[in-house]
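**Q** Here is what each chain is made of, one letter per residue.
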Amino acid sequence: MIRFEQVSKVYPRNARPALNKVDLEILKGEFVFLVGASGSGKSSFLRLILREEAPTSGQIHVLGQDLRKLRGRKVPYFRRNLGVVFQDFRLLPQKSVFENVAFSLQVIGKSKGFIQEAVPDVLRMVGLAGKSSRLPNELSGGEQQRVAIARAIVNKPAILLADEPTGNLDPATSAGIMTLLGRISAGGTTIVMATHDAGIVDKAKQRVVELVGGQIVRDERQGGYQTQSVPVKLQAPPPKLPEMGTGE
Amino acid sequence: MRLGIVLSEVGQGLRRNISMVVSIVLVTFISLTFVGTAILLQFQINQMKGYWYDRAQVAIYLCTDYDEGGNCNEAEATSQQKAAVKQALDSAPLAGLIDRYEFEDHDQAYQHYQEQFGKDDSAGFVTPDFLPETYWVNLKDPTQSDVVIERLANQPGVEDVVDQKKYLQPIFDVLNVSSLTAIGIAVLMLIAAVLLIATTIRLSAFSRRREVGIMRLVGASNRYIQTPFILEGVVASLIGSVLASGAIVAIVQSFVQGYLNASPSGVPFVGLREAFIVVPIVIVGGAALAAISGAVAIRRYLRV
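Going down the list, the sequences are from chains A and B.
Numbering-wise (the working numbering), the first sequence opens with residue 1 and increments by one.
Numbering-wise (the working numbering), the second sequence opens with residue 1 and increments by one.
By construction, these hints were calculated from the structure, which means they are not laboratory data.
Quick caveat, the model's predicted, so the values are computed rather than measured.
Don't be surprised by glycine CBs; every beta carbon is placed ideally from N, CA and C.
Warning: the hint list may mix true and false statements.
[What the hints assert, rightly or not] Incomplete in silico selection of chain A near chain B, CB under 7 Å:
#, residue
1, 74
2, 76
3, 84
4, 104
5, 107
6, 108
7, 221
Turn these sequences into a full structure, and let the hints steer you where they fit.
**A** Written out as structure tokens, the structure reads:
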């Protein structure tokens with residue numbers, strides 16, 4: 001589903017690579033946590049999957065496509081198979097909940113009939129059935145993130161990328177979002193979620209990939225936020241973890 | 001439905017940047033008016049050339065008893081001298097260049113003079129023998145007049161050989177220079193218009209960066225994202241070109257036809273027929289210019 005082969009990403013004006021020879025394969029339907037300190041390369045990893053950027057070297061395959069060979073004109077059509085959720089929600093403040101979700105379908109040319117059917121469905125799925133005419137600033141943070149998730153999955157993408165989706169939310173609300181993501185994952189969607197939230201990772205018992213300085217130092221099935229086994233590579237110093245005390 | 005969305009976004013964008021849009025309209029209006037005027041001036045030059053070159057003749061003035069210049073010595077050209085001139089016109093190399101020629105004697109010249117200047121007070125002092133006898137020569141190719149001048153200027157009994165075309169040259173020069181000036185101003189203004197369109201589109205894209213960011217994220221095609229921005233520039237520039245077309249038609253209608261052409265001068269002026277050739281050029285040119293500069297600007301700003 002997603003395969004990185006010896007992928008490096010170096011930004012100009014920064015000698016240290018954001019990603020350094022990363023090899024990773026994520027299978028269909030997997031739920032993968034991407035953990036690591038700020039600047040460890042998590043966001044670069046997600047941007048490369050989205051093809052917002054091209055790798056400096058190495059190969060990336062997503063959904064059977066070699067992203068190096070994907071022409072610029074085809075990128076938008078490729079992205080229709082991916083859903084993305086961010087820490088800051090990125091909703092349009094002047095549009096209602098319904099319009100925010102409908103907007104993402106309008107701009108890829110879906111018919112009015114399809115939108116009228118798909119949007120209420122997905123809003124029911126994320127638990128916002130009664131709030132479709134509210135504006136984003138009339139909603140709580142957790143509800144806004146649900147709108148963002150609804151927007152990301154309304155087109156039934158094969159992969160959902162989440163960049164710290166619970167970063168702005170309190171633990172109880174975060175747990176609700178995780179339940180929702182779990183349900184989406186159970187429906188067969190591959191989920192890659194970058195997070196700092198130790199409690200969530202420990203509780204979920206899913207695959208954990210840890211990045212330090214652009215390299216994968218750990219890749220565990222059913223792992224926790226902190227390593228419970230010997231790291232796969234030892235050349236990097238142990239990560240300094242920004243613990244926020246957000247345990248259970 | 002998609003067209004509706006695109007148009008409503010264009011409308012919103014135009015309202016949001018109203019001051020920039022007005023400046024685009026004004027700049028394209030003025031620059032395209034200059035472009036149109038320059039084209040009309042070229043039409044005018046060509047029309048006048050065609051008209052005058054048909055009529056322009058080479059005049060071979062023969063000596064009169066009062067002429068001192070040329071090859072004259074205050075003596076009327078003799079009949080032998082006239083015959084020599086006629087023979088030169090009838091034989092190679094001139095005969096091949098000449099379309100036709102005619103001889104005008106003193107009395108005919110006097111008659112023409114009376115027709116043209118008869119109302120002047122000074123006309124009373126002129127008698128037929130003041131006015132030179134003349135061979136009027138029409139050339140097949142008006143630019144070949146030098147050959148005639150060279151062949152006959154030193155002929156005995158010839159006072160002077162004059163190519164009438166040379167009187168017209170300054171007029172064409174003035175028209176040409178004004179046409180070039182108009183084009184020069186138009187080019188400067190068009191550069192300003194292009195930069196304004198590019199800036200406006202970037203402003204518009206910046207003020208909608210949230211929407212654009214989400215559109216890119218969910219996979220809206222580049223064309224879908226870019227078209228409303230480009231159309232904004234095209235609409236503004238179209239308004240300017242329509243105003244410019246109106247101005248061009250008004251100039252032709254009221255100034256050229258209403259003022260210049262009001263007094264019969266024998267000069268053919270451009271009319272509405274020419275104006276209506278210029279109008280589509282101006283409108284299509286204005287729209288194409290906006291579309292191209294908008295597309296370049298937005299492509300550099302909204303790279304995927």
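**Q** Is the interface hint for residue 107 (chain A) satisfied, with its Cβ closer than 7 Å to some Cβ of chain B?
**A** 4 Å, holds
**Q** Should the hint that residue 84 (chain A) touches chain B count as held when the rule is a Cβ pair under 7 Å?
**A** It holds, given that the least Cβ distance between residue 84 (chain A) and chain B is near 5 Å, below 7 Å.
**Q** Given residue 221 (chain A) was flagged as interface, is its beta-carbon under 7 Å from a beta-carbon of chain B?
**A** 30 Å, violated
**Q** Can the hint on residue 108 (chain A) be confirmed by a CB-to-CB distance to chain B that is less than 7 Å?
**A** 6 Å, holds
**Q** Under the criterion of a CB-CB separation shorter than 7 Å, is residue 76 (chain A) in contact with chain B as hinted?
**A** Cβ of residue 76 (chain A) sits 4 Å from chain B, so the hint holds.
**Q** So, as I understand it, the hint says residue 104 (chain A) touches chain B; can you test that by seeing if any CB pair is closer than 7 Å?
**A** 4 Å, holds
**Q** Identify whether the interface hint at residue 74 (chain A) stands, where standing means a beta carbon of chain B within less than 7 Å of its own.
**A** 10 Å, violated
In the structure shown, a violation is registered for the earlier hints numbered 1 and 7, in ascending order.
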